[in-house]
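Colleague: Please build the complete structure, drawing on both the sequences and the hints.
Now for the letters of each chain:
Protein chains: 2
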Amino acid sequence: MSELKQHIASAFDRDLEGIQAQIMKMGGLVEAAIMQSAKSLETRDEELAELVRRNDAAIDALEESLNEEAARVIALRAPTASDLRIVLSVMRMSANLERMGDLSKNIAKRTGVLVQMQAIGGTAPSLRRMAREVELMLKDALDAYIQRDEALAEDVIERDRDVDQMYNTLFREFLTFMLEDPRNITACMHLHFIAKNIERMGDHVTSIAEQVVFLTTGRKPDEPREKADRTSTDADLAPDMDKDGD
Amino acid sequence: MSELKQHIASAFDRDLEGIQAQIMKMGGLVEAAIMQSAKSLETRDEELAELVRRNDAAIDALEESLNEEAARVIALRAPTASDLRIVLSVMRMSANLERMGDLSKNIAKRTGVLVQMQAIGGTAPSLRRMAREVELMLKDALDAYIQRDEALAEDVIERDRDVDQMYNTLFREFLTFMLEDPRNITACMHLHFIAKNIERMGDHVTSIAEQVVFLTTGRKPDEPREKADRTSTDADLAPDMDKDGD
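Just so you know, the sequences run in chain order A and B.
Letter by letter, the first sequence follows residues 1 to 246 of UniProt numbering.
Letter by letter, the second sequence follows residues 1 to 246 of UniProt numbering.
Mixed in with the good hints, there may be bad ones.
Identical copies look the same in the list; a pair holds intra-copy or inter-copy alike.
[What the hints assert, rightly or not] Pairs of lysine to any residue, SDA-like flavour, derived with a Cα cap of 20 Å:
id	residue 1	residue 2
1	K220	E63
2	K139	A58
3	K139	D203
4	K139	L215
5	K220	N67
Calculated directly from the structure, the hints in this document are not laboratory data.
Just so you know, these numbers come straight off a predicted model, no measurement behind them.
Modeller: What follows is the structure, encoded as structure tokens:
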């Protein structure tokens with residue numbers, strides 16, 4: 001490798017390290033947002049919910065600066081095809097994280113409304129467990145990215161089935177509460193959206209893990225995963241329909 | 001400009017034209033998907049719904065080939081900062097279109113379930129009108145992109161308020177149907193998701209229009225637009241909460 005080439009390569013590596021540090025920081029903020037939003041719902045803590053809503057601005061700002069930095073690196077370093085693939089993956093991952101931040105913020109907003117209503121059964125602890133699962137998946141997906149650990153990434157993808165299952169169970173529970181007493185409908189609609197938000201966060205983590213598999217193996221994610229639940233043909237519920245378009 | 005530079009510039013322009021043609025084709029398919037999904041719901045046409053579900057694969061394939069082509073162009077042509085901005089915008093727009101395709105497919109899936117239930121009031125025609133509005137917005141946003149017409153793009157952004165308003169009205173209507181008769185709950189949940197999907201499609205079109213404003217003026221979209229509806233503080237409804245995280 002000529003001296004000039006080497007110089008360019010290491011400059012790219014330095015830039016990439018900077019971008020990756022930003023992704024990890026963003027990931028940390030999103031992990032906190034997930035857990036705090038679920039906790040604020042369970043403990044009916046309006047102040048904590050308000051904090052989550054305020055903190056989302058920092059996540060958005062990180063995504064913006066990360067995208068600008070990535071565009072700068074592409075323009076300046078004219079990376080090779082495989083380096084370019086890394087930069088584009090990081091941009092996609094930051095979009096996933098940014099959306100997860102929005103979803104946490106949305107949960108916190110709904111918490112602000114729900115604390116004014118009667119609690120519905122034991123649904124808040126179930127939602128917190130579901131959020132905890134997604135947070136752990138995110139932690140592992142980011143570790144898998146930094147370590148380029150394909151097995152760990154595949155494990156994360158697999159675990160999203162549990163999250164889907166938890167969502168399906170909760171969906172049915174909300175329906176029964178609504179049928180039991182129409183006065184529960186409004187609260188249940190909010191709780192259902194919260195469950196759906198967490199389930200969508202699981203999909204975003206899965207997408208991050210799929211990027212890792214792609215980067216380490218060059219293999220594109222398989223055809224859409226089999227749904228953990230088969231209720232699309234169940235005319236009454238069909239909750240897994242919520243999986244599209246997230 | 002040296003002859004070599006000129007040669008590179010026109011090669012980039014040719015590449016960009018190819019990418020733009022793909023975006024327009026993708027836009028055409030998404031426009032059709034939006035209208036067909038809404039029509040299949042109104043006319044309870046299961047075959048048309050099935051067609052929308054099948055056609056989504058073509059939209060996904062276009063996004064993939066567009067992203068590959070964009071990455072190839074960036075790597076090969078090492079575009080200037082402003083040309084790079086165009087390519088990155090097109091990639092973002094294709095992500096918006098792909099998601100709109102998914103949302104149409106989701107509407108078509110729910111149609112397959114809803115035809116087995118009793119129709120709920122006059123909600124299907126309302127949903128079709130809402131979908132029609134979003135389809136026209138998309139058409140204009142794509143025209144605005146090709147013509148670099150900032151005024152038209154701003155107009156599209158403005159019209160998203162009407163879509164939000166239509167959604168809010170429908171949300172309240174579904175709630176009253178559910179409160180009136182709990183047997184309506186399941187159908188109303190599906191119809192509500194359909195309304196929400198259309199509302200989210202409006203947000204994606206807005207995001208495309210904002211890209212156009214950014215490309216023509218270099219101006220980033222303003223702070224999050226004012227919500228057309230202020231019910232966040234309304235403990236009973238708060239439908240505009242659904243705006244985050246889409």
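Colleague: A separate judgement is required for each hint: does it hold in the structure or not?
Modeller: Quick rundown of the hints versus the structure:
For a Cα distance limit of 20 Å, the shortest separation of K220 from E63 across copies, 14 Å, qualifies, whereas the shortest one inside one copy, 24 Å, does not. In this assembly of identical chains, the alpha carbons of K139 and A58 lie at most 20 Å apart only when taken from the same copy (19 Å versus 34 Å across copies). When the C-alpha separation of K139 and D203 is checked against a cutoff of 20 Å, the pair qualifies only within one copy, where the shortest distance is 14 Å, while the shortest distance between copies is 30 Å. For the identical chains of this complex, K139 and L215 are intra-copy neighbours only, at 18 Å inside a copy versus 36 Å across copies, given an alpha-carbon limit of 20 Å.
Proximity of K220 and N67 under a CA criterion of 20 Å is satisfied inter-copy only: 14 Å between copies versus 23 Å inside one chain copy.
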